[in-house]
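Enquirer: If you want the building blocks of each chain, they are given just below.
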Amino acid sequence: MFMILGYPAPLMFGQLLLGLINGAFYALLSLGLAVIFGMLNIVNFAHGALFMLGAFVAWGLLNFLGVNYWFALLLAPLIVGVFGVLLEKTLIARLYKLDHLYGLLLTFGLALIIEGLARNEFGSSGVPYPIPSLLQGATNLGFMFMPIYRGWVVLASAIMCLITWLIIEKTSIGATLRAATENAPLVQAFGINVPRMITLTYAGGVALAAFAGVLAAPIYSVNPNMGANFIITVFAVVVIGGMGSILGSIVTGFGLGVIEGLTKVFYPQGSSVVIFVVMVIVLLVRPAGLFGKAA
Amino acid sequence: MFGFSRPQLIAFLVMVVLVAGAPFVLYPVFLMKVLCFALFACAFNLLIGYVGLLSFGHAAYFGMGGYVAGYAAKAWGFTPELAIIAGTLAGGALGAAFGWLAIRRQGIYFAMITLALGQMAYFFCLQAPFTGGEDGIQQIPRGNLFGMISLKSDLAMYAVVAVVFLFGFLLVHRIVHSPFGQILKAIRENEPRATSLGYRTDSYKLVAFIISCALAGLAGGTKSLVFGIATLTDVHNAMSGEVVLMTLLGGLGTIFGPVMGALISTAMENYLAQAGAWVTVIQGVIFVTCVLAFRKGVIGVLAERLKIQL
Chain V
1 MFMILGYPAP
11 LMFGQLLLGL
21 INGAFYALLS
31 LGLAVIFGML
41 NIVNFAHGAL
51 FMLGAFVAWG
61 LLNFLGVNYW
71 FALLLAPLIV
81 GVFGVLLEKT
91 LIARLYKLDH
101 LYGLLLTFGL
111 ALIIEGLARN
121 EFGSSGVPYP
131 IPSLLQGATN
141 LGFMFMPIYR
151 GWVVLASAIM
161 CLITWLIIEK
171 TSIGATLRAA
181 TENAPLVQAF
191 GINVPRMITL
201 TYAGGVALAA
211 FAGVLAAPIY
221 SVNPNMGANF
231 IITVFAVVVI
241 GGMGSILGSI
251 VTGFGLGVIE
261 GLTKVFYPQG
271 SSVVIFVVMV
281 IVLLVRPAGL
291 FGKAA
Chain D
1 MFGFSRPQLI
11 AFLVMVVLVA
21 GAPFVLYPVF
31 LMKVLCFALF
41 ACAFNLLIGY
51 VGLLSFGHAA
61 YFGMGGYVAG
71 YAAKAWGFTP
81 ELAIIAGTLA
91 GGALGAAFGW
101 LAIRRQGIYF
111 AMITLALGQM
121 AYFFCLQAPF
131 TGGEDGIQQI
141 PRGNLFGMIS
151 LKSDLAMYAV
161 VAVVFLFGFL
171 LVHRIVHSPF
181 GQILKAIREN
191 EPRATSLGYR
201 TDSYKLVAFI
211 ISCALAGLAG
221 GTKSLVFGIA
231 TLTDVHNAMS
241 GEVVLMTLLG
251 GLGTIFGPVM
261 GALISTAMEN
271 YLAQAGAWVT
281 VIQGVIFVTC
291 VLAFRKGVIG
301 VLAERLKIQL
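Those protein sequence lines, which keep their order, are chains V and D. The opening residue of the first sequence carries number 1 in the numbering used here; numbering runs sequentially from there. The opening residue of the second sequence carries number 1 in the numbering used here; numbering runs sequentially from there.
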């Protein structure tokens with residue numbers, strides 16, 4: 001068998017792929033967190049819960065309305081986005097004049113409510129979601145067998161990250177958004193409706209989380225804890241990358257996913273903490289984060 | 001004495017009387033749980049209420065204190081007071097390491113870093129051999145206090161817990177009202193200004209963090225002796241969330257708030273034990289309500305009504 005550094009190559013590539021998939025979710029989630037933080041100045045603790053909600057919406061669409069995976073991939077982010085508008089308008093908007101910490105505490109409470117309700121309804125074990133027929137099976141890449149769906153997840157997240165980056169960096173909407181992040185009162189003075197922009201930014205950020213949730217649904221069983229397991233790691237990713245840069249979030253997300261995957265091969269016991277260890281090292285060497293500006 | 005104002009002294013004496021009388025009316029084990037959490041919340045409040053630092057991973061120090069105290073009592077045969085001291089030192093040592101890392105960043109990042117470090121501590125406890133993994137450390141003996149007084153009876157144990165709690169409570173109060181505490185409050189109000197006055201704010205923050213973590217370890221160690229068990233529940237981030245809830249509900253930056261919050265929260269969990277995940281939902285609703293409409297907390301509002309400081 002083909003070996004790399006004394007480990008069988010298929011094992012290596014398999015874990016690398018799993019790492020890339022986790023990295024894709026880290027990238028999508030930390031991207032949403034960064035966009036929301038830039039505009040609203042709150043850390044959205046409910047991000048993991050809304051990721052989970054996206055998966056459950058996809059499951060509900062399939063089982064109650066017969067809406068298939070592809071439409072769910074479009075509809076679930078939209079529905080969760082509308083829910084996000086509701087949350088921002090009714091609750092989060094009341095906190096902008098207060099200390100940032102209250103935003104964290106409020107969204108933490110929201111996460112508890114959403115996850116608690118899901119746990120009541122579906123139990124802790126969750127429900128299965130089938131892989132769409134088009135993406136079933138595996139393909140032989142010569143050096144490993146790749147389940148097609150897993151390849152799709154990496155591809156779809158990379159495309160979504162790219163689209164988000166293009167919108168923010170290359171379009172006029174993105175330019176306004178970046179300007180408002182820098183100096184909201186000034187942008188408002190130019191006649192732009194900043195409060196509406198804030199609401200839509202929040203909706204967009206949580207829609208990204210829901211998109212990731214739908215992608216994740218066929219891989220992990222759709223369960224109430226799937227977001228809670230992710231969100232703390234994503235926070236560490238955000239600390240490592242710094243929330244200042246869009247591209248930084250994407251690169252850090254994928255990179256850390258790969259590091260985590262490789263740790264599973266070389267030192268399995270360390271795989272659950274490796275991202276936190278990286279965070280500690282980054283804090284020691286570059287306290288502002290890899291892509292962050294010093295405060 | 002201890003920097004108490006007159007109303008505070010009266011409130012403190014009322015609390016002492018209640019703590020002393022309660023075990024004859026209510027179930028002592030429940031009360032001991034309340035006192036352990038109250039001490040934990042007081043330790044947490046020292047940071048968020050007086051330094052303005054939101055540590056979102058405080059369960060790590062609480063849980064680690066519990067594990068070390070439990071292990072010392074069971075495997076090394078430490079007497080209870082030594083086991084609790086070992087737990088306190090463990091909480092403080094872990095706090096020194098994590099605090100040293102976390103104070104490199106401010107505000108919201110501090111919260112995220114402490115949360116992530118707390119999760120790291122959780123995974124460590126899940127795999128480290130001395131914690132017993134999923135089983136935890138079970139059948140921790142309460143032992144004999146100073147090697148002489150048996151703590152088998154709940155009332156004897158209660159007396160120890162009450163003394164530990166009152167000691168921690170007074171210590172926090174004394175720290176807050178010391179010159180050191182004044183500087184902490186200055187950092188909370190305006191950190192650049194405190195720096196410009198010549199204070200090394202990072203050192204002050206770190207010392208406050210270590211004290212808070214040591215007290216959390218004290219609370220955790222005491223709790224593991226009371227229940228004879230130290231488990232992953234106490235290091236899990238849900239516990240970190242709970243202590244935030246207690247403090248917020250009782251009143252951030254009030255002296256009696258964390259105690260009241262711990263009482264309400266523990267009582268609620270006790271009565272809603274069969275309700276399963278609804279407890280989580282209710283906790284979430286309390287968070288949202290407190291943040292939106294009730295930021296001063298129970299004691300904060302009460303103090304405002306009575307126009308005194310509590």
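It should be emphasised that the hints constitute simulated quantities derived from the structure, not laboratory data. None of the values given here were measured: they were computed from a predicted structure. Be careful, since some hints might not be right.
As the list claims (entries may be wrong) - Derived CB-CB ranges, DEER-like:
#1 V:Y96 - D:G198: 48 to 56 Å
#2 D:S5 - V:S125: 48 to 56 Å
#3 V:A179 - D:L9: 53 to 61 Å
#4 V:G123 - D:T233: 49 to 57 Å
#5 V:Y7 - D:A97: 40 to 48 Å
#6 D:F146 - V:V127: 44 to 52 Å
#7 D:T233 - V:F122: 16 to 24 Å
#8 D:A293 - V:R178: 32 to 40 Å
#9 V:Y96 - D:F167: 38 to 46 Å
#10 V:I259 - D:G147: 33 to 41 Å
#11 V:P130 - D:V25: 51 to 59 Å
Beta carbons: idealized from backbone N, C-alpha and C, even for Gly.
Enquirer: Hint by hint, say whether it matches the structure.
Expert: Checked hints:
no. : hint                        : result
1   : V:Y96 - D:G198: 48 to 56 Å  : 34 Å, violated
2   : D:S5 - V:S125: 48 to 56 Å   : 54 Å, holds
3   : V:A179 - D:L9: 53 to 61 Å   : 56 Å, holds
4   : V:G123 - D:T233: 49 to 57 Å : 20 Å, violated
5   : V:Y7 - D:A97: 40 to 48 Å    : 33 Å, violated
6   : D:F146 - V:V127: 44 to 52 Å : 56 Å, violated
7   : D:T233 - V:F122: 16 to 24 Å : 23 Å, holds
8   : D:A293 - V:R178: 32 to 40 Å : 34 Å, holds
9   : V:Y96 - D:F167: 38 to 46 Å  : 42 Å, holds
10  : V:I259 - D:G147: 33 to 41 Å : 51 Å, violated
11  : V:P130 - D:V25: 51 to 59 Å  : 58 Å, holds
Checked against the numbered hints above, the structure violates hints 1, 4, 5, 6 and 10; every other hint is satisfied.
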